[in-house]
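Asker: Each chain, written out:
2 protein chains.
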Amino acid sequence: MLAAFLFLLVFSQAYAQTDPLPSWNDGPAKKAIVEFVKTTTEKGSPKFVAPEARIATFDQDGTTWVEQPMYTQVVYCLERVPAVVEKKPDLKNVEPFKTVLSGNRAAMAKFTVPDLMMILAATLSGMTVDEFNAEVKKWLASAKHPRFKQLYTELTYQPMLEVMKLFRASGYKTYFVTGGGQDFVRVYSEQVYGIPPEQVVGSAGATHFGYDKTGKAILTKVPKLLLNDDSAGKPEGIHLVIGRRPYAAFGNSIGDEQMLEYTQAGDGARLMMLVHHDDDKREYAYGAKSKVGTFSDALMAEAKKKSWNVISMKNDWKRIFAFDNK
Amino acid sequence: MLAAFLFLLVFSQAYAQTDPLPSWNDGPAKKAIVEFVKTTTEKGSPKFVAPEARIATFDQDGTTWVEQPMYTQVVYCLERVPAVVEKKPDLKNVEPFKTVLSGNRAAMAKFTVPDLMMILAATLSGMTVDEFNAEVKKWLASAKHPRFKQLYTELTYQPMLEVMKLFRASGYKTYFVTGGGQDFVRVYSEQVYGIPPEQVVGSAGATHFGYDKTGKAILTKVPKLLLNDDSAGKPEGIHLVIGRRPYAAFGNSIGDEQMLEYTQAGDGARLMMLVHHDDDKREYAYGAKSKVGTFSDALMAEAKKKSWNVISMKNDWKRIFAFDNK
Numbered sequence: 002m003l004a005a006f007l008f009l010l011v012f013s014q015a016y017a018q019t020d021p022l023p024s025w026n027d028g029p030a031k032k033a034i035v036e037f038v039k040t041t042t043e044k045g046s047p048k049f050v051a052p053e054a055r056i057a058t059f060d061q062d063g064t065t066w067v068e069q070p071m072y073t074q075v076v077y078c079l080e081r082v083p084a085v086v087e088k089k090p091d092l093k094n095v096e097p098f099k100t101v102l103s104g105n106r107a108a109m110a111k112f113t114v115p116d117l118m119m120i121l122a123a124t125l126s127g128m129t130v131d132e133f134n135a136e137v138k139k140w141l142a143s144a145k146h147p148r149f150k151q152l153y154t155e156l157t158y159q160p161m162l163e164v165m166k167l168f169r170a171s172g173y174k175t176y177f178v179t180g181g182g183q184d185f186v187r188v189y190s191e192q193v194y195g196i197p198p199e200q201v202v203g204s205a206g207a208t209h210f211g212y213d214k215t216g217k218a219i220l221t222k223v224p225k226l227l228l229n230d231d232s233a234g235k236p237e238g239i240h241l242v243i244g245r246r247p248y249a250a251f252g253n254s255i256g257d258e259q260m261l262e263y264t265q266a267g268d269g270a271r272l273m274m275l276v277h278h279d280d281d282k283r284e285y286a287y288g289a290k291s292k293v294g295t296f297s298d299a300l301m302a303e304a305k306k307k308s309w310n311v312i313s314m315k316n317d318w319k320r321i322f323a324f325d326n327k
Numbered sequence: 002m003l004a005a006f007l008f009l010l011v012f013s014q015a016y017a018q019t020d021p022l023p024s025w026n027d028g029p030a031k032k033a034i035v036e037f038v039k040t041t042t043e044k045g046s047p048k049f050v051a052p053e054a055r056i057a058t059f060d061q062d063g064t065t066w067v068e069q070p071m072y073t074q075v076v077y078c079l080e081r082v083p084a085v086v087e088k089k090p091d092l093k094n095v096e097p098f099k100t101v102l103s104g105n106r107a108a109m110a111k112f113t114v115p116d117l118m119m120i121l122a123a124t125l126s127g128m129t130v131d132e133f134n135a136e137v138k139k140w141l142a143s144a145k146h147p148r149f150k151q152l153y154t155e156l157t158y159q160p161m162l163e164v165m166k167l168f169r170a171s172g173y174k175t176y177f178v179t180g181g182g183q184d185f186v187r188v189y190s191e192q193v194y195g196i197p198p199e200q201v202v203g204s205a206g207a208t209h210f211g212y213d214k215t216g217k218a219i220l221t222k223v224p225k226l227l228l229n230d231d232s233a234g235k236p237e238g239i240h241l242v243i244g245r246r247p248y249a250a251f252g253n254s255i256g257d258e259q260m261l262e263y264t265q266a267g268d269g270a271r272l273m274m275l276v277h278h279d280d281d282k283r284e285y286a287y288g289a290k291s292k293v294g295t296f297s298d299a300l301m302a303e304a305k306k307k308s309w310n311v312i313s314m315k316n317d318w319k320r321i322f323a324f325d326n327k
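Chains F and L, in that order, give the protein sequences.
Using our numbering, you'd call the opening residue of the first sequence number 2 and step up by one each time.
Using our numbering, you'd call the opening residue of the second sequence number 2 and step up by one each time.
There could be a bad hint or two in this list.
Stated by the list, open to error - With a straight-line Cα cutoff of 30 angstroms, these simulated DSS-like cross-link-like pairs (lysine-lysine) come out: (1) L:Lys93 / L:Lys139; (2) L:Lys166 / L:Lys305; (3) F:Lys217 / L:Lys48; (4) F:Lys306 / L:Lys214; (5) F:Lys166 / F:Lys315; (6) L:Lys214 / F:Lys305; (7) L:Lys214 / F:Lys48.
Honestly, the hints are just simulated from the structure, not real lab data.
A quick note: this is a predicted structure, and the numbers were derived from the prediction, not measured.
Pulled out of the complex, with its shape left as it was, chain F reads as follows:
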């Protein structure tokens, strides 16, 4: 009797101590996640999902780390321009490179899509995949965010890291499905998020197989877009790389809508969640009220209509970053 009592005591304490989402406040968002994981993985559950079918997909920018005031990868590309120009001095007086070199941020803010495409092509191709990995790694080790004065890889959302861990501990394979560059995200995804390179689906440029001067086989990045992994491109990218429909999908913008729709169209239990940036004190607020940005009133209405779960960063998250004092 005493033994049973002690067992229960120890057991319930152990259970309380192991709240898998300690950075989340209790509320509908946390509840939806915990219940989804339970209902799809508990033996005997009518909505049990076979271990091999457990796929959860996560957008990256704005869903698992800061995307303001600029996508991290765009910052990388702009900061790579001097190194590119050094190798190709002819570019020095050619736009948009000239403006980037001038450091005129107001002028850069007016870049058109073709301008940005030229910068992306110049900084994300022309090197081997190994050289590119080394360049990104080096940049990430020192570049810092203008507001938070932290390495970009420190600007991950602690609550979302906990969600990813919970899913993996429950037998889910966690995937990034990002509009960002697949090769860029792969450089740090394993170390920062525990997501291995082969589980990163992103916008992907082509590579070209060839040989270096010594006859060694190499892959060179070329400026040809194979997959634009945004909006309709997200479910298409999921099919290309994963070949299974996710059971859970996390996003934060209109570019994630189709991924959530595709997830929801499957049978059984499915979890669709949107991170809502409504905390300008601790991070940023850019929707649904804002006219710009990636969230909108229309997306909020869509979420309501389709019973998607909206995560309020302000109300649902006890802390946002690991370095927050809380």
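We have chain F; now place chain L onto it with these hints.
Answerer: What follows is chain L alone, placed relative to chain F:
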């Protein structure tokens, strides 16, 4: 003395029982595989490979199952033509569909690449990915090989299934890297080879995201080639889907050469192997002496020059199929 003898007897029997490659004859090919696995996974080995980096890639047609007298997927496409024509009767009198419907095998053998492309496009696109999966599954359940009178999924090479199991038991992720259709191979890869859909890299057509009549999100297969996963396309496809260089690669044809070169260009221990079809009694012999086919004298010379291991089906494999009496 007797005890020692008994011990040795028991030990050698136990050893024999746990030979991970029981369908292989002792020889350089078997030895190369067993030693590679040992040297890359044994703690303290100077060529130890971290578990997360353990990637092994396998070609499919001719490397892990029969590819003669015709690729299984091509048989599928030809046999799907009547169903396609039933839905689009206009095709009945249009070549190459007319010839397929006539059943004239001699005429079909003369199809040009554009003819085959038309047949592939008509039978591999136009349906949702779920519909396609269901069609292939149904076909595989009854279609039989003309010579062996077995389901195609029974025509896997037992020695290669053992290799895949050995790699997985040693912490390797096993991938298909096939010139065949990614979506086609995914239908049976998990059940037949233990390779999940997300670990199949193959020639991939695009899909198009949209909605069915009820507003449900769907992906439709469209006739646009995204990845031609053959020759140089193999390392390019490996980078696109996996994002890591393999430590071991198995192929059987000139279409696998670049994958083996890319594998070999990595540092540390790497294993490059080619299956040589030299057993017309139990399977087929089509090289290196043959002038046609996917193996050639040139590939054999290349293998020698680059110290790739050639597997003789005749000499290295005790049995070829699980149904062989042996």
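Asker: Take the C-alpha atoms of L:Lys93 and L:Lys139, compute the straight-line distance between them, and say whether it is at most 30 angstroms.
Answerer: holds (24 angstroms)
Asker: Given the hinted pair L:Lys166 and L:Lys305, is their alpha-carbon gap at most 30 angstroms?
Answerer: Holds, at about 27 angstroms.
Asker: Has the given pair, L:Lys214 with F:Lys48, been kept, meaning a C-alpha gap of at most 30 angstroms?
Answerer: The hint holds at about 27 angstroms.
Asker: Quickly compare the C-alpha distance for F:Lys306 and L:Lys214 to 30 angstroms and report which way the hint goes.
Answerer: Given that 30 angstroms is the threshold and the Cα spacing comes to 18 angstroms, the pair holds.
Asker: Run the distance test for L:Lys214 versus F:Lys305: straight-line Cα separation, threshold 30 angstroms.
Answerer: Holds, at roughly 22 angstroms.
Asker: Has the given pair, F:Lys217 with L:Lys48, been kept, meaning a C-alpha gap of at most 30 angstroms?
Answerer: holds (20 angstroms)
Asker: Check the hint pairing F:Lys166 with F:Lys315 against an upper bound of 30 angstroms on the C-alpha distance.
Answerer: holds (22 angstroms)
When the structure is compared with the earlier hints, no violation turns up for any of them.
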